[in-house]
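Visitor: Numbered by this note's numbering, the letters in the sequence shown go through residues 223 to 375 in order.
Think of the hints as simulated: they come from the structure by calculation, not from any bench. Model, not experiment: these values are computed from the prediction. Only true hints are included.
DSS-like cross-link-like pairs, simulated, lysine-lysine; straight-line CA separation at most 25 Å:
#1 Lys356 to Lys256
#2 Lys355 to Lys250
#3 Lys256 to Lys342
#4 Lys256 to Lys363
#5 Lys230 to Lys356
#6 Lys363 to Lys230
#7 Lys292 to Lys225
#8 Lys250 to Lys273
#9 Lys355 to Lys230
#10 Lys355 to Lys256
#11 Lys225 to Lys356
#12 Lys230 to Lys256
#13 Lys250 to Lys363
#14 Lys273 to Lys342
#15 Lys250 to Lys342
#16 Lys356 to Lys250
#17 Lys285 to Lys363
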Amino acid sequence: MHKPFFEKVRFGDPYVIRMIPDDDIPQKIVSFCKENGITHAVIISAIGSAKEVVFRDLLAGVKIPLEPSKTNELRMMGPYEILSLEGNIFPMDNELVVHLHTLLGTENGSVCGGHMMQAKVLTTLELILVEIKKANSYRVKSAVTGLNELLID
Numbered sequence: 223m224h225k226p227f228f229e230k231v232r233f234g235d236p237y238v239i240r241m242i243p244d245d246d247i248p249q250k251i252v253s254f255c256k257e258n259g260i261t262h263a264v265i266i267s268a269i270g271s272a273k274e275v276v277f278r279d280l281l282a283g284v285k286i287p288l289e290p291s292k293t294n295e296l297r298m299m300g301p302y303e304i305l306s307l308e309g310n311i312f313p314m315d316n317e318l319v320v321h322l323h324t325l326l327g328t329e330n331g332s333v334c335g336g337h338m339m340q341a342k343v344l345t346t347l348e349l350i351l352v353e354i355k356k357a358n359s360y361r362v363k364s365a366v367t368g369l370n371e372l373l374i375d
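Can you make the complete structure from the sequences, with help from the hints?
Guide: Next up, the structure:
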């Protein structure tokens, strides 16, 4: 059964990561973590620009458990200014899962955002990632929500 929990952790080293044009943002984050032995982390800041963004947002009136038919996948070409990007990295089934949310500025000054599934860097991305130490939490598919939720044994 999935229940609320808290886990006292320690922050490890912070990293400044600069991505370049056409880097796949989620993929680059996973690669960086794997190359540096990081299994748990938090993204505390990121600014730059993006293109070819895929969001997953919830449909009106949605109820849990969620499934793909209850969400809306938005594919947006851009270009966009990344106004805010935050997220976390936790293991699930021996793989790293990056969970990202973002707000993007458009050419006319409006803002769009949501759960970022995919995106590529347009010009640059400056990202601050902090390792989480002494964490035992991991992701598992929840029968209640239908999402990959954090759990601790």
